[in-house]
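2 protein chains.
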Amino acid sequence: MPVYKAPVEDVLFLLNDVFPIARHNNLPGFADATPDMVEAILAEGAKLCEEVFAPLNLSGDQEGCTRNPDGSVTTPKGFKEAYEAYTAGGWMGLAVPEEFGGQGLPSVLNTVMQEFVSSANLALGMYPGLTQGAIAALLVHGTEEQKRTYLPKMVEGAWTGTMNLTEPHCGTDLGLLKSKAVPNGDGSYAISGTKIFISAGEHDMAENIVHLVLARIEGAPQGTKGISLFVVPKFLVNADGSVGERNGVSCGSLEHKMGIHGNATCVMNYDGAKGWLVGEANRGLNAMFVMMNEARLAVGVQGLAVSEVAYQNAVAYAKDRLQGRALTGAKFPDKPADPIIVHPDVRRTLLSIKAVNEAARALIVWTGLNSDIAHRSSDEAARQVADDYMGLMTPVAKGVLTDLGFDNAVKAQQMFGGHGYIEEWGMSQFVRDARIAMIYEGANGIQAMDLVGRKLGKDGGRAVMTFFNEVGAFCQENAGDEAMKAYVAPLQQGLGHLQQATMWFMQNAMAKPDNAGAGATDYMHLFGLVVMGYMWARMAKAAQARKAQGNGSAEAMDAKLLTGRFFMERLMPETATRLARITTGADTTMAMPVEAF
Amino acid sequence: MPVYKAPVEDVLFLLNDVFPIARHNNLPGFADATPDMVEAILAEGAKLCEEVFAPLNLSGDQEGCTRNPDGSVTTPKGFKEAYEAYTAGGWMGLAVPEEFGGQGLPSVLNTVMQEFVSSANLALGMYPGLTQGAIAALLVHGTEEQKRTYLPKMVEGAWTGTMNLTEPHCGTDLGLLKSKAVPNGDGSYAISGTKIFISAGEHDMAENIVHLVLARIEGAPQGTKGISLFVVPKFLVNADGSVGERNGVSCGSLEHKMGIHGNATCVMNYDGAKGWLVGEANRGLNAMFVMMNEARLAVGVQGLAVSEVAYQNAVAYAKDRLQGRALTGAKFPDKPADPIIVHPDVRRTLLSIKAVNEAARALIVWTGLNSDIAHRSSDEAARQVADDYMGLMTPVAKGVLTDLGFDNAVKAQQMFGGHGYIEEWGMSQFVRDARIAMIYEGANGIQAMDLVGRKLGKDGGRAVMTFFNEVGAFCQENAGDEAMKAYVAPLQQGLGHLQQATMWFMQNAMAKPDNAGAGATDYMHLFGLVVMGYMWARMAKAAQARKAQGNGSAEAMDAKLLTGRFFMERLMPETATRLARITTGADTTMAMPVEAF
Numbered sequence: 001m002p003v004y005k006a007p008v009e010d011v012l013f014l015l016n017d018v019f020p021i022a023r024h025n026n027l028p029g030f031a032d033a034t035p036d037m038v039e040a041i042l043a044e045g046a047k048l049c050e051e052v053f054a055p056l057n058l059s060g061d062q063e064g065c066t067r068n069p070d071g072s073v074t075t076p077k078g079f080k081e082a083y084e085a086y087t088a089g090g091w092m093g094l095a096v097p098e099e100f101g102g103q104g105l106p107s108v109l110n111t112v113m114q115e116f117v118s119s120a121n122l123a124l125g126m127y128p129g130l131t132q133g134a135i136a137a138l139l140v141h142g143t144e145e146q147k148r149t150y151l152p153k154m155v156e157g158a159w160t161g162t163m164n165l166t167e168p169h170c171g172t173d174l175g176l177l178k179s180k181a182v183p184n185g186d187g188s189y190a191i192s193g194t195k196i197f198i199s200a201g202e203h204d205m206a207e208n209i210v211h212l213v214l215a216r217i218e219g220a221p222q223g224t225k226g227i228s229l230f231v232v233p234k235f236l237v238n239a240d241g242s243v244g245e246r247n248g249v250s251c252g253s254l255e256h257k258m259g260i261h262g263n264a265t266c267v268m269n270y271d272g273a274k275g276w277l278v279g280e281a282n283r284g285l286n287a288m289f290v291m292m293n294e295a296r297l298a299v300g301v302q303g304l305a306v307s308e309v310a311y312q313n314a315v316a317y318a319k320d321r322l323q324g325r326a327l328t329g330a331k332f333p334d335k336p337a338d339p340i341i342v343h344p345d346v347r348r349t350l351l352s353i354k355a356v357n358e359a360a361r362a363l364i365v366w367t368g369l370n371s372d373i374a375h376r377s378s379d380e381a382a383r384q385v386a387d388d389y390m391g392l393m394t395p396v397a398k399g400v401l402t403d404l405g406f407d408n409a410v411k412a413q414q415m416f417g418g419h420g421y422i423e424e425w426g427m428s429q430f431v432r433d434a435r436i437a438m439i440y441e442g443a444n445g446i447q448a449m450d451l452v453g454r455k456l457g458k459d460g461g462r463a464v465m466t467f468f469n470e471v472g473a474f475c476q477e478n479a480g481d482e483a484m485k486a487y488v489a490p491l492q493q494g495l496g497h498l499q500q501a502t503m504w505f506m507q508n509a510m511a512k513p514d515n516a517g518a519g520a521t522d523y524m525h526l527f528g529l530v531v532m533g534y535m536w537a538r539m540a541k542a543a544q545a546r547k548a549q550g551n552g553s554a555e556a557m558d559a560k561l562l563t564g565r566f567f568m569e570r571l572m573p574e575t576a577t578r579l580a581r582i583t584t585g586a587d588t589t590m591a592m593p594v595e596a597f
Numbered sequence: 001m002p003v004y005k006a007p008v009e010d011v012l013f014l015l016n017d018v019f020p021i022a023r024h025n026n027l028p029g030f031a032d033a034t035p036d037m038v039e040a041i042l043a044e045g046a047k048l049c050e051e052v053f054a055p056l057n058l059s060g061d062q063e064g065c066t067r068n069p070d071g072s073v074t075t076p077k078g079f080k081e082a083y084e085a086y087t088a089g090g091w092m093g094l095a096v097p098e099e100f101g102g103q104g105l106p107s108v109l110n111t112v113m114q115e116f117v118s119s120a121n122l123a124l125g126m127y128p129g130l131t132q133g134a135i136a137a138l139l140v141h142g143t144e145e146q147k148r149t150y151l152p153k154m155v156e157g158a159w160t161g162t163m164n165l166t167e168p169h170c171g172t173d174l175g176l177l178k179s180k181a182v183p184n185g186d187g188s189y190a191i192s193g194t195k196i197f198i199s200a201g202e203h204d205m206a207e208n209i210v211h212l213v214l215a216r217i218e219g220a221p222q223g224t225k226g227i228s229l230f231v232v233p234k235f236l237v238n239a240d241g242s243v244g245e246r247n248g249v250s251c252g253s254l255e256h257k258m259g260i261h262g263n264a265t266c267v268m269n270y271d272g273a274k275g276w277l278v279g280e281a282n283r284g285l286n287a288m289f290v291m292m293n294e295a296r297l298a299v300g301v302q303g304l305a306v307s308e309v310a311y312q313n314a315v316a317y318a319k320d321r322l323q324g325r326a327l328t329g330a331k332f333p334d335k336p337a338d339p340i341i342v343h344p345d346v347r348r349t350l351l352s353i354k355a356v357n358e359a360a361r362a363l364i365v366w367t368g369l370n371s372d373i374a375h376r377s378s379d380e381a382a383r384q385v386a387d388d389y390m391g392l393m394t395p396v397a398k399g400v401l402t403d404l405g406f407d408n409a410v411k412a413q414q415m416f417g418g419h420g421y422i423e424e425w426g427m428s429q430f431v432r433d434a435r436i437a438m439i440y441e442g443a444n445g446i447q448a449m450d451l452v453g454r455k456l457g458k459d460g461g462r463a464v465m466t467f468f469n470e471v472g473a474f475c476q477e478n479a480g481d482e483a484m485k486a487y488v489a490p491l492q493q494g495l496g497h498l499q500q501a502t503m504w505f506m507q508n509a510m511a512k513p514d515n516a517g518a519g520a521t522d523y524m525h526l527f528g529l530v531v532m533g534y535m536w537a538r539m540a541k542a543a544q545a546r547k548a549q550g551n552g553s554a555e556a557m558d559a560k561l562l563t564g565r566f567f568m569e570r571l572m573p574e575t576a577t578r579l580a581r582i583t584t585g586a587d588t589t590m591a592m593p594v595e596a597f
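Chain order of the listed sequences is A and B. Take 1 as the starting number for the first sequence in the UniProt record's numbering and just add one per residue. Take 1 as the starting number for the second sequence in the UniProt record's numbering and just add one per residue.
Any given hint might turn out to be false.
No copy is singled out in the list; a pair is fine if it fits within one copy or between any two copies.
Cut-off 27 angstroms, straight-line C-alpha distance, at most; resulting in silico cross-link-like pairs (BS3-like, lysine-lysine) [claimed, not checked]:
| no. | residue 1 | residue 2 |
| --- | --- | --- |
| 1 | Lys512 | Lys319 |
| 2 | Lys458 | Lys147 |
| 3 | Lys225 | Lys331 |
| 4 | Lys547 | Lys5 |
| 5 | Lys274 | Lys458 |
| 6 | Lys5 | Lys47 |
| 7 | Lys77 | Lys225 |
| 8 | Lys485 | Lys512 |
| 9 | Lys178 | Lys547 |
| 10 | Lys512 | Lys5 |
| 11 | Lys335 | Lys225 |
| 12 | Lys547 | Lys485 |
| 13 | Lys5 | Lys319 |
| 14 | Lys5 | Lys458 |
| 15 | Lys335 | Lys274 |
| 16 | Lys5 | Lys80 |
Hints in this document: simulated from the structure, not taken from any laboratory.
Given these sequences and hints, build the entire structure.
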């Protein structure tokens with residue numbers, strides 16, 4: 001069975017040394033997050049994930065979910081109990097305000113816990129994950145009554161949440177959606193329509209399910225400006241807050257998916273179900289978009305998470321599997337063969353995963369921290385910078401980390417040779433599970449268009465200019481530091497490529513938007529390389545500082561520095577290719593007649 | 001259900017215009033392969049694949065194979081009949097000498113048919129594919145009696161074949177294998193041991209199964225120099241050639257695999273099974289290696305094949321799925337949305353698959369033709385060049401085309417958004433099936449080591465120098481041709497990068513072989529880009545010639561030229577990154593302590 005150990009030490013290095021959260025202890029909730037407290041929380045979370053969630057991952061994949069004849073859904077053995085352990089530990093409300101039963105701690109800690117949970121058991125982690133998304137939506141857009149009705153139950157885990165957007169004929173283009181809402185005259189609406197791909201849409205873990213549903217109020221404008229958001233509970237809620245009669249919503253079938261078999265992906269039928277408007281009428285898409293950054297960041301976390309657990313298993317296998325001899329002569333002459341970790345191609349593969357994972361984790365912690373600042377700071381300028389970064393980095397984290405997370409799962413699987421293709425080893429599951437993260441919450445091509453078409457030019461390019469200035473200033477500050485040269489010089493070059501690509505879009509995509517479209521995916525990955533390179537440079541700086549202070553294990557910091565060097569040598573050079581592709585423009589791509597494809 | 005149309009026109013362009021096989025009609029079997037005959041054969045093969053094999057692909061994946069309590073294996077519904085249609089059509093022996101019941105046609109036609117078969121139904125196509133591999137081994141190494149006993153039955157399809165190499169503790173490193181062979185005193189051996197991952201090891205399609213098995217004769221030297229090859233039929237063969245009593249070999253279980261569910265991947269138990277030596281004692285690995293090139297080329301073909309069928313389905317979906325509007329304004333204002341093929345990022349994705357597929361097909365036809373020349377030419381110099389190319393291109397075709405084939409299947413799946421993740425659409429199957437080709441017949445890291453460690457330096461680098469000279473000469477000849485500039489200039493640059501990388505290995509890997517190991521995979525892909533670029537340059541030249549002659553559809557040739565241009569603009573620039581990675585060397589990779597991974 002696959003192994004998993006939560007990377008607590010690496011997270012502590014990020015939270016204490018690279019982006020010290022102690023600096024932010026003026027923010028609400030941060031004062032409670034002392035280093036000792038953070039370490040204790042992470043250790044507790046790690047324990048839950050390693051001991052309860054992870055052992056159910058392979059069996060959950062093999063068993064999958066079952067829809068019973070009455071429309072109820074049974075989740076895999078052990079999932080309900082694991083979910084209860086999660087809620088009993090208070091994890092659902094870790095970052096939710098205390099007035100609704102949460103702990104009000106920094107949300108970056110929740111983001112870190114999402115990584116551990118998704119590594120240990122992605123399919124299981126999606127049940128609370130979607131609930132947290134629904135909590136976030138209701139917190140921002142719900143009425144006081146809605147918050148009082150739903151939030152405490154959701155925070156304690158008695159009720160879970162879902163998001164209902166997609167319909168058979170519309171996913172990306174929500175303007176086409178047809179589900180309708182007819183006023184009942186009592187303030188509620190009758191919701192009808194079919195929603196597909198609804199994760200955790202029906203299951204046996206909670207006594208109620210709170211569906212957030214996009215639908216069109218009768219007579220509303222066509223397109224995206226006529227869509228509203230509704231809360232539609234599976235069971236109506238009595239005046240005393242208890243669960244009442246069944247609402248007109250049910251699971252019509254379960255999808256047969258490539259992966260995340262332990263999560264119930266439902267076709268949901270709404271048949272005059274009673275729902276209540278959340279936020280303003282016809283502003284449902286805006287309501288969804290407000291929480292889109294958090295949801296997309298969480299999917300980026302999943303990319304890292306599966307990459308991490310796949311990596312750990314590949315390392316274990318590479319140390320254990322005896323096959324062939326080192327190119328420089330036998331390393332273990334007393335054994336029948338050397339472990340395959342002696343082979344340079346195996347090490348190169350493993351390091352290329354590790355170098356991405358550690359940068360990805362830094363990006364996620366940094367972005368999670370920006371999310372906290374954007375939501376909690378009383379300093380408007382700080383809020384603006386953090387919010388700019390949040391908007392800019394979200395498509396990068398989602399698109400790049402899930403693309404790389406999948407690639408890395410494939411690389412890790414490759415280390416197993418034929419055994420990687422056999423389901424019992426669990427590597428196939430990591431690949432199949434990782435695949436979904438490139439698709440949901442906006443397929444990665446959409447992330448690229450969001451970055452290039454929306455985020456780059458927003459507020460006159462303020463966010464991207466701030467980022468360029470920050471990275472440029474970092475390079476300049478450290479230009480004279482010989483120990484930082486191996487990190488700063490490649491970063492500087494990558495930044496140059498990114499700036500050239502940005503300039504090229506400014507000069508060539510205004511008049512000809514196809515030039516932006518044809519270069520968007522390469523630009524997103526170029527951006528990802530530079531921001532990961534920046535993360536590595538900051539980690540290298542912090543590692544050197546810790547070594548100089550004699551603080552903690554020098555071996556761990558040496559490994560950090562070496563991994564960062566690997567990133568700069570082997571991954572950073574790709575920025576040149578990305579730039580070259582972007583600047584060839586869209587002409588060839590658009591010239592192909594449709595019938596010639 | 002997924003669609004499939006065999007790319008007959010594209011193959012004819014390659015066989016008639018790019019690498020005209022008519023030039024080789026002095027070779028045995030080629031005189032029969034007139035253009036009309038080739039077209040008729042391919043049309044017939046296309047029909048079988050489109051109408052019989054393809055409709056069973058999805059159902060075969062969903063049903064899978066079943067091992068019955070008596071150890072027999074039932075293949076998916078329809079597989080047996082489809083296999084019979086294949087054998088009845090004479091496809092098994094297309095390129096086998098007529099004296100054994102074959103048609104003696106050029107083996108490049110068989111290679112082309114392997115593409116069609118593997119696109120239509122990879123799991124089904126593996127049954128005859130492995131039989132063809134076993135036929136090839138017996139043709140080269142079998143005694144006259146063995147050939148007379150087995151080949152006619154195998155060519156007519158009544159008996160199938162397998163390859164038994166892998167054991168639980170050894171895959172790549174066959175020197176570790178333990179299966180043993182004890183002489184029975186009558187010229188036969190008693191074979192005992194366990195083999196795993198045996199494709200088509202047991203099934204219900206044929207009346208006998210001819211296993212080729214690697215084992216160690218009692219008292220043989222340790223390591224690779226003590227391994228012999230045996231033929232072990234499932235049923236012993238009576239003196240009159242009929243099927244006799246059951247031999248001591250049986251299927252212990254079926255593997256649960258990520259894909260190719262329709263193929264029975266067996267654990268095979270040999271329990272004193274009667275076998276006969278094939279070729280010389282202790283020279284079994286050499287016997288396997290002789291046919292390794294063909295087998296590895298066939299796996300490269302599978303990479304292309306799955307990429308092709310995934311592409312075709314992605315194109316169909318992209319033309320059909322209405323979602324969003326073109327960046328330059330609605331293209332189909334009367335429809336609720338534009339088909340997604342209007343979007344530059346969708347087109348870029350599709351073209352990046354198409355550009356690889358067409359180059360891959362050219363590489364495979366070229367290499368298949370070299371295989372024919374190497375085996376059939378009476379001109380020793382021509383044989384040597386062809387054999388050199390065959391050896392050099394085999395790891396490239398296997399490693400690069402299967403890596404890219406998988407990546408392309410993933411890209412094609414991505415075009416479907418959430419629907420790509422649902423099994424009923426068939427795109428998940430293409431991804432899961434394509435994955436195995438990166439692993440079997442030598443995992444791709446092994447292909448890279450074969451290229452760098454064995455093929456590059458062989459005969460003083462004769463093969464690679466011949467290739468460099470050929471590509472260099474092509475560039476020079478066409479340097480003055482304005483119409484070829486878009487192809488020649490990027491090819492020349494890519495060739496330069498490949499030559500620099502080769503030189504770097506010569507200077508840095510002799511004394512420090514880890515430098516070769518750490519750069520091998522990047523080198524293989526760099527080589528792949530250059531050889532695909534060369535294929536594109538030759539196709540562009542042939543397409544321009546055909547346009548000038550007014551021969552056939554100008555639209556098809558325009559599409560060819562545009563696709564080649566896309567390759568040069570978007571794929572070729574990657575050579576720079578590959579070179580940069582290689583020349584960073586192995587120091588960082590090897591410096592990481594094992595415990596720090």
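Status of the hints after comparison with the structure:
1. Lys512 x Lys319: Classified as between; 23 angstroms across copies, 53 angstroms inside a copy.
2. Lys458 x Lys147: Classified as neither; 32 angstroms inside a copy, 74 angstroms across copies.
3. Lys225 x Lys331: Between copies only: 22 angstroms across, 67 angstroms inside.
4. Lys547 x Lys5: within (25 angstroms within a copy, 62 angstroms between copies)
5. Lys274 x Lys458: neither (39 angstroms within a copy, 75 angstroms between copies)
6. Lys5 x Lys47: Answer is within; shortest intra-copy Cα gap is 9 angstroms, inter-copy 53 angstroms.
7. Lys77 x Lys225: Neither: 43 angstroms inside a chain and 51 angstroms across chains, both beyond 27 angstroms.
8. Lys485 x Lys512: between (39 angstroms within a copy, 26 angstroms between copies)
9. Lys178 x Lys547: neither (60 angstroms within a copy, 50 angstroms between copies)
10. Lys512 x Lys5: neither (49 angstroms within a copy, 35 angstroms between copies)
11. Lys335 x Lys225: Classified as between: cross-chain Cα gap 19 angstroms, same-chain 69 angstroms, threshold 27 angstroms.
12. Lys547 x Lys485: Within one copy only: 17 angstroms inside a chain, 55 angstroms across chains, cut-off 27 angstroms.
13. Lys5 x Lys319: within (16 angstroms within a copy, 46 angstroms between copies)
14. Lys5 x Lys458: neither (40 angstroms within a copy, 46 angstroms between copies)
15. Lys335 x Lys274: neither (69 angstroms within a copy, 32 angstroms between copies)
16. Lys5 x Lys80: within (22 angstroms within a copy, 47 angstroms between copies)
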